[in-house]
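Novice: The chain contents come next:
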Amino acid sequence: MTHYSALSLVAKAFSGHRSWSRAWRDPVPKPAYDIVIVGGGGHGLATAYYLAKEHGLRNVAVIEKGWLGGGNTGRNTTIVRSNYMMPGNTMFYERSLRLWEQLSQDLNFNQMVSQRGQFNLCHSPASLDAARRRGNVMRANGIDAELFSREEVMRRLPYLDYSDDARFPIIGSLFQPRAGTVRHDAVAWGYARGADALGVDIIQQCEVTGFILERGAVVGVETSKGPIRAKKVGTAVSGHTGYLAAKVGLRLPLETHVLQAFVTEPLRPMIDSVISYAAAHFYISQSDKGDLVLGGDLDGYNTYAQRGGLPLVEHTFASAKALIPSISRLRLMRQWGGVMDMTMDGSPIICKSPVDGFYINGGWCYGGFKATPASGYCFAWTLAKDEPHPDNAEFTLDRFRNGYQIDEKGMGPTPNAH
Amino acid sequence: MTMQPNRLAVGGRIDRGTTFSIRFNDRDIVAHPGDTLASALLANGVKIVGRSFKYHRPRGVFSAGVEEPNALVQLREGARTEPNSRATTVEAYPGLVARSQSGWPSVDTDLGAIVGAFARFMPAGFYYKTFIGPFRNTRWWMFCEHFIRRAAGTGIAPAAPDPDTYEKVNAFCDVLVVGAGPAGLSAALAAARAGARVILAEQDRDLGGSLLDQTVGDTWLRATVDEVASLPNVRILTRTTTFGAFDGDVYGLVERAWDHVDVPPPHQPRQRYWVVRARSAVMATGAIERPLVFGGNDLPGVMSASALRAYLNRYGVLCGRKIVLFTANDSVYATAGELARAGAAVTIVDMRSDLPEELRSRTAAAKVDVLAGFAVVNTHGGKAVTAVTVAAVSGREGGTKGPVRRIDCDVVGVSGGFTPTLHLWSQRGRKPRFDTDKLAFLPDGSIPTLVCAGACAGADTITDAVSSGFAAGAKAAAAADFVGDAGALAPPKLADDGWQRGAMLISAVRAPDGEIPAKSFFDLQHDVKSTDIELAHREGYVSVEHLKRYTTNGMATDQGKTSNVNALARLAELRGSPIPAVGTTTFRPPYTPVAFGAIVGHEIGRHFRPTRLSPIHGWHAARGAAFIDAGSWSRPRYYPVSPGEDVQAGYIREARHVRAAVGLVDVSPLGKIAVQGPDAAEFLDRVYTNMFSTLKVGRLRYGVMLRDDGFVFDDGTTARLSETEFFMSTTTVNAGKVMARLEFLLQTAWSDLKVQVTSVSDQWATIAVAGPKSRTLLQATCGAADLSAQALPNMAFACAAIDGVPVRIHRMSYSGELAFEVYIPARYGHSAWAELMRVGEPFGVAPYGTEAMGALRIEKGHVAGGELDGRTTLKDLALERFASTKKSFAGCVLRKRPVLEDPTRPSLVGLMTIDKTVSIKAGSLLFPATGDIAGHGDGHVTSTTFSPTLGGHIALGLLARGPARLGETIRCVDFLGGTTVNCVVTAPCFVDPEGVRQNA
Ligand SMILES: Cc1cc2nc3c(=O)[nH]c(=O)nc-3n(C[C@H](O)[C@H](O)[C@H](O)COP(=O)(O)OP(=O)(O)OC[C@H]3O[C@@H](n4cnc5c(N)ncnc54)[C@H](O)[C@@H]3O)c2cc1C
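Same order as they appear, the protein sequences are chains A and B. When the letters of the first sequence are read in order and numbered with my numbering, they come out as residues 1 to 418. When the letters of the second sequence are read in order and numbered with my numbering, they come out as residues 10001 to 11000.
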């Protein structure tokens, strides 16, 4: 692996950058591995990386049906934060944020982890109380959080609508200074390069079409490039989790939904932080390239199509203009959708499944990007040791049977409401 | 006014009789009606319009349309300013002001160009390899990022709200035709003649498409447009871009109704957003000319060949005097003749060596030089092209061999072929196939209701476009069940120079040394060069999507309209795979960028969401109430008695008054649902945890509903009006959700039940009358009815009249006082309230708001939003007694899951501060009196108030093993506010736990 640094960049410039090597190999799949990870998104790649790095398991393959990061990893609005208040979630997401903070150095690949801070705006005394509870849980767990008054928000985000005309007045905000954004493609590529360097085989353009079962246990996968055996198979396929699990006879408490995202034409710096507009489920930030990146609600219906409809476009833009009236003349440059596996309580699943040899990492809803490092770390742990790490101990399938709800929003078993 | 050096004396579709002035970079420019900003700039000899994103290289106008990668300007000023506006699509108007978006001190002399000297250190994706820093944190990157952010971005966002207005239209049609070139016009005509209702949408100001860029088809165009316009079943929308095609045959369009003037006329929208639901549609969106990639192909003066033709014929602008046309297809030959006739010296450099004789003789006649079998290898010039180097084509695709020749020129027109505009078709989730004959990605017929026609479907001549358009129109009409006779349509008579005969697809031209020159640009806006693509390939970013993301090719505001195909052809070459194996990136809406304001329409400011007002709102407003948003409602929070009275003082006064005398609170926002039918009682037994079938007519009962997962969903009081009719009330926030859930259950789980549910929330105004004197007041107001404790016990209702209006009086209490809820037909709510206030004067009646209502309910320990947060069970809320054991009900199974039954769960308690002067904040965490304060605590504070009755601060909270801890001192910690308050745990009900007062 060529080391990345300003120096190597300068050195290689003089030979016309001709001596850079591949970021990861393009191997022919071996007939068998110790562990096969299905899904070359951030979670699958991170899992492989930590299997190799933390557990010395290098006879591992990641199998991706398309191109690395082509799922939700390359489609999200890149927000990372650790403002979770439910036991089971809080420390998991904080682990993730701590891993993010060192990931560029870990992977020797600039992840562009930009801790620009995230505002969660409050619009009523009740939402301020809820924010206070959340912030207090964060602080009690050693996570940074501040509660800002309206005046403080006005000072920091002068371009929001504070006029009498605002439908939902801004009365304050929860703020997490360490939250921010991460360059999503770099996450897939960085983990892929890191895992590859440790010996992991990354196999693209190879779809897992089924599982090899022996005596009720999964002992490999059927793929578009032929069967591949494995002692353990872990899935990290986001929106297709339920679809794949069904192939081993598991019906998971999930629904697949589409979420859209939007970017504007690039602009000079305008929005410095991540802003979430709780009154309308809307969030916005600005990328380093200058595009405003926006997102809203799910479209609301079950689908595997990675595209949504106009009602959500209208909802998202109306929210944008309600929050930032001067956004009106700016233009949408591109919109897209990703399909996500929404669980019954809005929290993920990382566990051994009831089928031997089959492990599940899924149920990420629309918040799984921020979870990538911790998810990979904990899933690797679970795969390697056959028991959960303390930080994913609650992310079981059992919890839906025994009532351990990890419901950050209190929405209940309505997947499209989380 | 200054001269327009490049404007010809005759020709063009501009109004030469009128001139006006526009300003570009503080310079006055002369323009005519009919000009675009770009045509005016070119007419006036402006070469450099912008600077490129990465290397700050000078860039001029490249195209004459929406694909423009270079000429992006900051249009207008102040609150109306619009960054990233394409000069090629901005219509010129008197007073137009525009600026280049980059360049310091000026776009002509940009010190930023120094970056170019470091270009070799900034290959594709260099930022992934550097700025990592030695420390294990994000600081070094964020330091560098600060400067990167400042250098990135192009235009400047407006700082003030948009002064213009927008409109939304929902429209329906049988056939939507997108694009009004020869194919679109023909399609519209065929569909309309067959009887279909047609919407014809064209992004340009005028109908005609490519025919507007030439003169020979004018007669046909006029006749066809006249006929289309004369048909009553055709609606023509110009300046209207169809930006997206969505599932279900829904299309999003934006009409730039008044964007071509300085300020829209009064009461006119700037833009109009159309949502068109079409039974079928024809995409006749044409094709976009593809550049050729060669050394220095980004210099101002290098332009799309078809743009030269457009500027000449549509705007009367001759972009250069010595023009080189560089091509690998037939399409430039007609242009060459026209440019020569207009006075330019024209040389065609054609990469094909065997040219048809017919082309040769035509060029000879037009005095155009042709270099067949040659390629442009490089350009010369600093800030604009002054010459090109050409060399003979040799060997492999794009290769050349010496000797090289130099040709002086001031403009290079390039045509590498055409790329069909199949964006809308592809947005429906389709992947186009690469046609190796036509050398283009083409749509297939897989969407029955979306037919592609004309150049978009691969027709390369106008004759073909007309026939394919006409056929597509008839087909689309038939798909919408219109099969009337469409007759026939003859194409215009003109020379057919297609872009397919013998065409080649060249990714990039190589110099005779075999190398692709360093400054060969693929993506002009993002400065993506061949070396970037090579590096991406070398490092394994070999899928088209990786290539795009790693190099940013195709990610600029033009979304790769001119760059994608060349880049992926280069990738295919590097991979040694054919283009079909490499594929193309996904097309996504919008086709061209759309302004947010247009989509938002009227849903701005206060109208972002409807504000719901009670029927009594007017009275509250007149009384000077302070309002607060509660969900979608605006409700009186309190009624200040003096201008200086704050909410704290106000609610304490109001709450105290209720306990002492009588108060009125407007609770009209409560959800109200009529539940009717023979099975109504059975239905309620199933949805509520407690029994309703045993409720007697004339009585009320408090009920709780669970979600299916066993958590508490909502509560409210329901009255039995008759054997088959109940009147349910819900909390305000859940009114809609409860209604939806009841409907859902009736339509799915229990479709056998004979029950009808109807939301009657808006039909009734509701006034709660509370306080020891409430009965006296009501009795005085509704004379005839007997409201005595015997006739109307607690949890019963009576019918009465106020001022002759029949009302229903529910005796029930939320405040703990003797209290009633009066239900009045909504339109009499205001007058009933006024009447109660009038009659109540002698009893000292006073209104109270939501804040006092909240204080009173906390004193009584009733649960509300803070406690009903979707994560609490009946037991958690001390409501277990409402769970019937005699029947099953929604949620009764899952509520028995072990974790929900865990006795250590946080459950409802009261909290009283030990120091009566300090308050607690809701959202504080609860910890035992001693020990660490870390983790999630023993629970949290859900609702707080000052209790006028107790003279101290109280709260409700959820505390682990709460009921077992009465009397214990615990700490309420607000980490954010930095306070810790000691409290005593109490029962949740602070006032009159026996209910003596409410049962009085
Ligand atoms: C619009 C949008 C916005 C979002 N915004 C945020 C945000 O701001 N912050 C945040 O934290 N999260 C966000 N998310 C969620 C986040 O993107 C995801 O939760 C996360 O990226 C999931 O990563 P993953 O690796 O599990 O899945 P993915 O990245 O989707 O990877 C799964 C991979 O599995 C592959 N695959 C599927 N089936 C098979 C098969 N049979 N064989 C082989 N391979 C297969 C897929 O091709 C895919 O590459 C957003 C999501 C979307 C769509």
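To be clear, the hints were calculated from the coordinates, so they are not data collected in a lab. Quantities reported herein were computed from a predicted structural model and do not represent experimental measurements. For every residue, glycine included, the Cβ atom is placed at its ideal position computed from N, Cα and C. Where hints are given, some of them may not hold.
Here are the in silico distance ranges between beta carbons for each label pair [claimed, not checked]:
#: 1; chain 1: B; residue 1: S10106; chain 2: A; residue 2: Y162; range: 51 to 61 Å
#: 2; chain 1: B; residue 1: G10698; chain 2: A; residue 2: S149; range: 48 to 58 Å
#: 3; chain 1: A; residue 1: A11; chain 2: B; residue 2: P10356; range: 51 to 61 Å
Below, computed lysine-lysine pairings styled on PhoX-like, alpha-carbon distance capped at 25 Å [stated by the list, open to error]:
#: 4; chain 1: B; residue 1: K10886; chain 2: B; residue 2: K10754
#: 5; chain 1: B; residue 1: K10367; chain 2: A; residue 2: K409
#: 6; chain 1: A; residue 1: K385; chain 2: A; residue 2: K409
#: 7; chain 1: A; residue 1: K30; chain 2: A; residue 2: K289
#: 8; chain 1: B; residue 1: K10322; chain 2: B; residue 2: K10367
#: 9; chain 1: A; residue 1: K225; chain 2: A; residue 2: K30
#: 10; chain 1: B; residue 1: K10886; chain 2: A; residue 2: K409
#: 11; chain 1: B; residue 1: K10054; chain 2: A; residue 2: K12
#: 12; chain 1: A; residue 1: K289; chain 2: B; residue 2: K10054
#: 13; chain 1: B; residue 1: K10383; chain 2: B; residue 2: K10322
#: 14; chain 1: A; residue 1: K53; chain 2: A; residue 2: K385
#: 15; chain 1: B; residue 1: K10431; chain 2: A; residue 2: K225
#: 16; chain 1: B; residue 1: K10754; chain 2: A; residue 2: K65
#: 17; chain 1: B; residue 1: K10886; chain 2: B; residue 2: K10696
#: 18; chain 1: B; residue 1: K10737; chain 2: B; residue 2: K10493
#: 19; chain 1: B; residue 1: K10737; chain 2: B; residue 2: K10916
#: 20; chain 1: A; residue 1: K53; chain 2: A; residue 2: K247
#: 21; chain 1: B; residue 1: K10383; chain 2: A; residue 2: K409
#: 22; chain 1: B; residue 1: K10431; chain 2: B; residue 2: K10054
#: 23; chain 1: B; residue 1: K10438; chain 2: B; residue 2: K10367
Novice: Run every hint past the structure and note whether it holds.
Specialist: Quick rundown of the hints versus the structure:
no. : hint                              : verdict
1   : S10106(B) <-> Y162(A): 51 to 61 Å : violated, 37 Å
2   : G10698(B) <-> S149(A): 48 to 58 Å : holds, 51 Å
3   : A11(A) <-> P10356(B): 51 to 61 Å  : holds, 53 Å
4   : K10886(B) <-> K10754(B)           : holds, 22 Å
5   : K10367(B) <-> K409(A)             : violated, 76 Å
6   : K385(A) <-> K409(A)               : violated, 32 Å
7   : K30(A) <-> K289(A)                : violated, 40 Å
8   : K10322(B) <-> K10367(B)           : holds, 13 Å
9   : K225(A) <-> K30(A)                : holds, 11 Å
10  : K10886(B) <-> K409(A)             : violated, 32 Å
11  : K10054(B) <-> K12(A)              : holds, 20 Å
12  : K289(A) <-> K10054(B)             : holds, 11 Å
13  : K10383(B) <-> K10322(B)           : holds, 17 Å
14  : K53(A) <-> K385(A)                : holds, 14 Å
15  : K10431(B) <-> K225(A)             : holds, 22 Å
16  : K10754(B) <-> K65(A)              : violated, 51 Å
17  : K10886(B) <-> K10696(B)           : holds, 18 Å
18  : K10737(B) <-> K10493(B)           : violated, 65 Å
19  : K10737(B) <-> K10916(B)           : violated, 39 Å
20  : K53(A) <-> K247(A)                : violated, 30 Å
21  : K10383(B) <-> K409(A)             : violated, 58 Å
22  : K10431(B) <-> K10054(B)           : violated, 31 Å
23  : K10438(B) <-> K10367(B)           : violated, 30 Å
Hints 1, 5, 6, 7, 10, 16, 18, 19, 20, 21, 22 and 23, counting from the list given before, are not met by this structure.
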